[in-house]
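Enquirer: Dock chain B with the ligands against the given chain A, drawing on the hints supplied.
If you read the protein sequences in the order shown, they are chains A and B.
Those letters in the first sequence? Residues 1 to 225, by our numbering.
Those letters in the second sequence? Residues 1 to 453, by our numbering.
No lab work stands behind these hints: they were computed from the structure.
If you're wondering where the values come from, they're calculated on a predicted model, not measured in any experiment.
A couple of the hints might just be wrong.
[Unchecked claim] Quick list of simulated restraints, FRET-style, between CB atoms: (1) A:T197 with B:R31: 22 to 30 Å; (2) B:R36 with A:S106: 44 to 52 Å; (3) B:R36 with A:F132: 38 to 46 Å; (4) A:A98 with B:E27: 34 to 42 Å; (5) B:A442 with A:L53: 53 to 61 Å; (6) B:P294 with A:R136: 47 to 55 Å; (7) B:F416 with A:M51: 39 to 47 Å; (8) A:V94 with B:G395: 49 to 57 Å.
[Said to hold, decoys possible] Below are the SDA-like pairs computed for lysine to any residue, each with C-alpha atoms no more than 20 Å apart in a straight line: (9) A:K45 with B:R36; (10) B:K66 with A:N74; (11) B:K289 with A:A44; (12) B:K19 with B:R310; (13) B:K3 with B:K98.
Beta carbons are placed, not taken as given, at the ideal position from N, Cα and C, and that holds for glycine.
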Amino acid sequence: MYDFLTGMEFYRFLKGPMVWFAFIIFTGGSAYRVISLVYRSRNAKVIYTYMDLKYSLRSILHWIIPFASTNMRNHPWMTIITFLFHGCLIFTPVFLLAHNMLIQESWNIAWWTLPERTADAMTFIVIMCVVFFAIRRLVSPEVRFVTSASDFVILSIAAAPFVTGFLAFHHLMIDYRLALNIHILAGEIMLIAIPFTRLSHMLFFWLIRAYTGSDFGAVRHSKDY
Amino acid sequence: MFKVERKPVADLGMDDTAKGLAPERIEKVMRWVLERESDARLRTYVETCIHCGLCSEACHYYLSYKRDPSYAPVSKVRQTLWDILGRKHPADGETVKKYARIAFAECNLCRRCSMYCPFGIDIAYLLALVRRICGLLNVAPQYLQDNTNSHIHTFTQSWVGQDDYVDTLQFLEEELRMDILNARIPLDKTGAEYMYTPHSHEVTFKTHLLANMARILNVAGIDWTMPSTDGWENTNQAMHAGYYETMGMIERKHFEAAFRLKVRRILAGECGHAFRAAVYDGTRWLGWKTPPVPYVSAIQFFYELVRDGRIRIARKIQEPVTVQDPCSFVRNRGLGEMLRYIIRATCEDFREVTPKLEHNYCCCAGGGVINYGPPWKFIRMEGGRIKVRQFRETGAKIVIAPCHSCHKTIEEMSDFYKLGLHVLFANELIVKTMEVPEAMRAVQQKNEGTGGV
Ligand code: SF4
Ligand code: SF4
Ligand code: SF4
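With the rest of the complex left out, here is chain A:
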């Protein structure tokens, strides 16, 4: 078992067919989730009737710019940590040198990459943020009240690629080949999980905000931030 997990064969599988599989599930699943929501919303009397582009964008902008909404200003630490977390979570894998080299190897395309030290620091930030979120779930009464096992599972899914990537990069604790293989697998699991777990908030954030923004702005002449 150990030999298999650290072996080249498993590595080639993860790097080859499994990557394709993960990407197809991720894109296909996301498209399905979004399209089916857009389609099902037709029947609701109050959704498309009141959608408004200007107020959708106003709402989205106020919630993707740090401190642009009242609640973000009320919780400065949470705001900083959330933005750091999401920023690093998305940018690090996309602009990581090692990932880029793999892509270049396969398709001969490449883009700008992060300096290795920066990427390393960003990975560390993601891990620290996850630790913060986990602790917050346990100690903050209002969060604890609505926390269940699934919340920790989701947090782990998001954390795993970073933890294993970090271990592999620094050759820490476990065998490099093992860390690398688990790292790739973890990344693939995360991609697959996005459309089908509450990680789908990545997809629905935009749609819900657009609706709420339209309702508050265009219909009720009020603000939602």
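Expert: The following block gives chain B with the ligands in isolation, referenced to the frame of chain A:
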């Protein structure tokens, strides 16, 4: 795990009706509401919510109950909808009663939490679905059910028949004529610019409010009328009980009265929920995008009168004044600045509240809670503690509360917590400060331009 504790409350409308409920019927109603009536928002909201708890501080219950986590908006969804959606066995009557208590007595459907959730999840929509389920099972505060029955039988919330209504209008007109020369409360005038819609309390125990409105309309020289038929009142309590069929019927009757009189606009009195039902919920239920007859709130109306000089402010109120932003008019209609314009024009010393405008807290009487009667009064007094603190901080002696629910509960809070606050409707403010031109005064020596109130 945190233990949720609540005072037991005896309410026949919930205790008795929940007792005999068959699980099959509960199941059927839940399916109907959650699978047929609800829309894509339900699942999307529930599945997107990341349980971050950032909506907690939006809720005045959470703040008033010393940050008790079970009062946070998301916690109320957890204790109701998550439970319902995740059920393996059908619920029993006791469980429905538990849901009803949360949906009816721990949320005012004020939508403040939507402004604090990073996704903008509409918790009020979710809890209104729970109310709908409970309502269809007749598990709702008894007083609220009584209001709904009254709507069905008399088309008003408090058993005021059409005869009493017309009688009162005629009496009020006569009385007004002692002050204002040839004052009229024109009934059934076709083609008028405005049809005034009062709260039914304005023809029972708060008649001075109707008289005030008539006085302002006469002094400003507005072309207005009131219907002599049913449909004159639309303080839609059925909306809060989840009796949407009745809610629709009330609004239809109301708009029909306006169609019949061919008025150009409806002038809404100072009732947040009547306004909300007419402009949003009832109108949408009937299939209109916006009200079929333009709907003008009293706040906007007074603002325009003062701005355009159609009435003149003769004297200003000197005592410190503050404001309650009714959710239905401010967070859900953006009339906060107009309200402040009126107050600044009529009061010398206006003390702003924090938070203000659309961020202001609900008074804890909204969503029908004001109408649940004596068994539930403590909910409003306790849930309103944050409101009390807010008013105390302003040091004001007068609160302008242009909504019947807000008004009543703030008066009660003032008694309960010995705040010594005087609560005024916007129309009281106008009548207290407005000039009545010399030529309009009926009895000079008796009337120094004030009267009413
Ligand atoms: S009372 Fe208002 S803030 Fe509290 S849960 Fe209900 S809608 Fe949200
Ligand atoms: S703030 Fe929004 S996402 Fe967070 S717990 Fe509340 S409803 Fe859910
Ligand atoms: S009673 Fe007043 S403050 Fe409270 S929900 Fe209605 S309008 Fe809002």
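Enquirer: Could you run down the list of hints and mark each one as holding or not?
Expert: Right, here's what the structure says about each hint:
Distance hint check for T197 (chain A) and R31 (chain B): the Cβ-Cβ separation is about 25 Å, which falls inside the suggested range of 22 to 30 Å. The beta-carbon spacing between R36 (chain B) and S106 (chain A), approximately 49 Å, falls within the hinted interval of 44 to 52 Å. In this structure, R36 (chain B) and F132 (chain A) meet the distance hint of 38 to 46 Å, their C-beta atoms being roughly 42 Å apart. Distance hint for A98 (chain A) and E27 (chain B): a CB-CB separation of about 54 Å, inconsistent with the stated range 34 to 42 Å.
In this structure, A442 (chain B) and L53 (chain A) meet the distance hint of 53 to 61 Å, their C-beta atoms being roughly 56 Å apart. Between P294 (chain B) and R136 (chain A) the Cβ separation comes to about 49 Å, which falls inside the hinted range of 47 to 55 Å. Taking 39 to 47 Å as the suggested C-beta distance range, the pair F416 (chain B) and M51 (chain A) conforms, at roughly 44 Å. A hinted range of 49 to 57 Å for the beta carbons of V94 (chain A) and G395 (chain B) is consistent with their spacing of about 55 Å.
About 13 Å separates the Cα atoms of K45 (chain A) and R36 (chain B), which keeps this hinted pair within 20 Å; it holds. With a C-alpha separation of about 18 Å, the suggested pair K66 (chain B) and N74 (chain A) falls inside the 20 Å cut-off, and the hint holds. Restraint check: the Cα-Cα separation between K289 (chain B) and A44 (chain A) comes to about 12 Å, which is no more than 20 Å; the hinted pair holds. Simply put, K19 (chain B) and R310 (chain B) have alpha-carbon atoms about 58 Å apart, too far for the 20 Å limit, and the pair is violated.
The straight-line distance between the Cα atoms of K3 (chain B) and K98 (chain B) is roughly 15 Å, inside the 20 Å bound, and the hint therefore holds.
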